[in-house]
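Chemist: Sequence:
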Amino acid sequence: MNRVARRCVSYLLCLGLVATLTVFSLSSVSSVPVYSQNISPLTTEIRGVWLTNVASGVLFFPWGVNRAINQLSTLNFNTIYPVVWNRGHTFYKSAVAKMTTGSETQPLLNFMHGGQDVLAKIVTLAKNKDLRVIPWFEYGFMTPHYSQLAKRYPDWLTIGQEGIKSTQDAPPEEIDNVLVSKVAWLNPLHPQVQEFIQGLILEVVKDYDVDGIQLDDHFGMPVQFGYDRFTIELYQQEHQGKSPPTDPFNPEWMRWRADKITDFMAEIYQAVKAVKPQVRISLSPNYQAFAYKYYLQDWENWVKKGLVNELILQVYRNDKNSFIAQLEQSSIKLAQSLIPVGIGISTGTVRNPVKMAQITEQVQVVRDRNFDGISFFYWESLWGYIVPESPQQRRKAFFDLFNAKTVRLLKPKKL
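First residue of the sequence shown? That's 1 in full-length UniProt numbering, and the numbers climb one at a time after it.
Just so you know, these hints were derived from the structure itself, not from any lab.
Remember, predicted model here, so these are calculated numbers, not experimental data.
No residue lacks a Cβ here, since even glycine has one placed at the ideal position from N, Cα and C.
One or more hints might be untrue.
[What the hints assert, rightly or not] Label pairs and their computed distance ranges (CB to CB):
| hint | residue 1 | residue 2 | range |
| --- | --- | --- | --- |
| 1 | D263 | T44 | 26 to 34 Å |
| 2 | V275 | I164 | 21 to 29 Å |
| 3 | A120 | T360 | 34 to 42 Å |
| 4 | E162 | S337 | 37 to 45 Å |
| 5 | K151 | N301 | 28 to 36 Å |
| 6 | T44 | N321 | 23 to 31 Å |
| 7 | D263 | S337 | 40 to 48 Å |
| 8 | D319 | Q393 | 17 to 25 Å |
| 9 | S337 | Q278 | 35 to 43 Å |
| 10 | K151 | V275 | 27 to 35 Å |
| 11 | T44 | N66 | 22 to 30 Å |
| 12 | R367 | E162 | 23 to 31 Å |
| 13 | N66 | E238 | 38 to 46 Å |
Put together the whole structure using the sequences plus the hints.
Modeler: Here's what the structure looks like:
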């Protein structure tokens, strides 16, 4: 057994342990007691959670998916964002991926579910519980440097100067808590990359009864990249033969690359709406200044142009003042005036879940400022296992937070 295979097996065993703990901690789903008799009226608040495969086993086990959806429904959640694109693999049966990489879905997922299409299962189960399903293209333009995508299509990759070809697949504060590796970046300006990514998105929209699709902070390009041959030649064609600046933070060079990504975002929006006009385009970015400066993701401009129907801003902060400061930025206030805006709240990791007191406080801060809802990252860390609270205590706390049934959000404030 080679090193990669051993890592996969070890990882699967760890996921199995986590999933087994989940079974015990989330047992008796159908018998969650009514903790409060003061049930408030119906609400259209977004109450979401991300289902990921990173440090999480929920998607890899058939009963994990069933229990997650049952539990979320029982506790009055109304939206799930299941990952469908991560580390060079799809989490559904993809003809586009099969043709491009030789693999139609994530291998371990396919094995554990006996060949069943997991996204199809999620959609069916969720619809029966009146949960919105918005598949999440988590990795955007990232792909592991060892992936078939990177190996087969090296010309699709963008690079930095001095041979820089990859970055970490998690920000520094997360590296100790999640399995990370070096990732390469597909060039969002390359027409064949655009065709591939758009093909994946349209495949999901056409083939599944989904309420939307979600892109996130990885739908961009690291600012230090863009020095590949294709991008340099494209820049030269539009600048009378002049090469890009050597300073990756040069304002004109940043704006040129960011505008190209915006143009592609517009193509995706138009293509999705041509297939299913009611499907919403959701985005879960970092705050505008960070997203633009480091990933050339000008999402504020996307909102102004009407290319986003729902914004779930990632605000993963422990400090209350820092958390509030993110909610009061002008770009967020602008978005609030145009489309539904929710706030992404961190519930920690399986190893280190965030205390319910902090989660509850942040939810209240969001509600006090009239946002359209919240989403939690991520499923397993909602519950904890031993510390800081028991799963039963955390279930009760979420039930108290969401002690009203919700109605489906039908459309953005503006299109």
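Chemist: The structure should be examined with respect to each hint, and the outcome stated for every one.
Modeler: Structure-based check of all given hints:
1. Between D263 and T44 the beta carbon distance is about 33 Å. The supplied range of 26 to 34 Å therefore holds.
2. Take V275 and I164: their Cβ atoms lie about 37 Å apart, and the range 21 to 29 Å is violated.
3. Range check, A120 to T360: Cβ separation about 35 Å, and the 34 to 42 Å hint holds.
4. Remark: the range hint 37 to 45 Å for E162 to S337 is upheld by a beta-carbon distance near 43 Å.
5. Restraint check, K151 to N301: a C-beta distance of roughly 34 Å satisfies the suggested window 28 to 36 Å.
6. The supplied range of 23 to 31 Å is met by T44 and N321, whose beta-carbon atoms lie about 29 Å from each other.
7. Remark: the range hint 40 to 48 Å for D263 to S337 is contradicted by a beta-carbon distance near 24 Å.
8. Against the hinted window of 17 to 25 Å, the Cβ-Cβ separation of D319 and Q393 comes to about 24 Å, which satisfies the hint.
9. One distance hint, 35 to 43 Å for the beta-carbon pair S337 and Q278, is violated here, with the actual separation near 22 Å.
10. Distance hint for K151 and V275: a CB-CB separation of about 31 Å, consistent with the stated range 27 to 35 Å.
11. Checked against the hint of 22 to 30 Å, the C-beta distance between T44 and N66 comes to roughly 27 Å, which is consistent with it.
12. Between R367 and E162 the CB atoms are about 48 Å apart, so this pair departs from the stated range of 23 to 31 Å.
13. Between N66 and E238, the C-beta spacing of about 52 Å breaks the proposed range 38 to 46 Å.
The structure fails hints 2, 7, 9, 12 and 13 (numbered hints given earlier, in ascending order).
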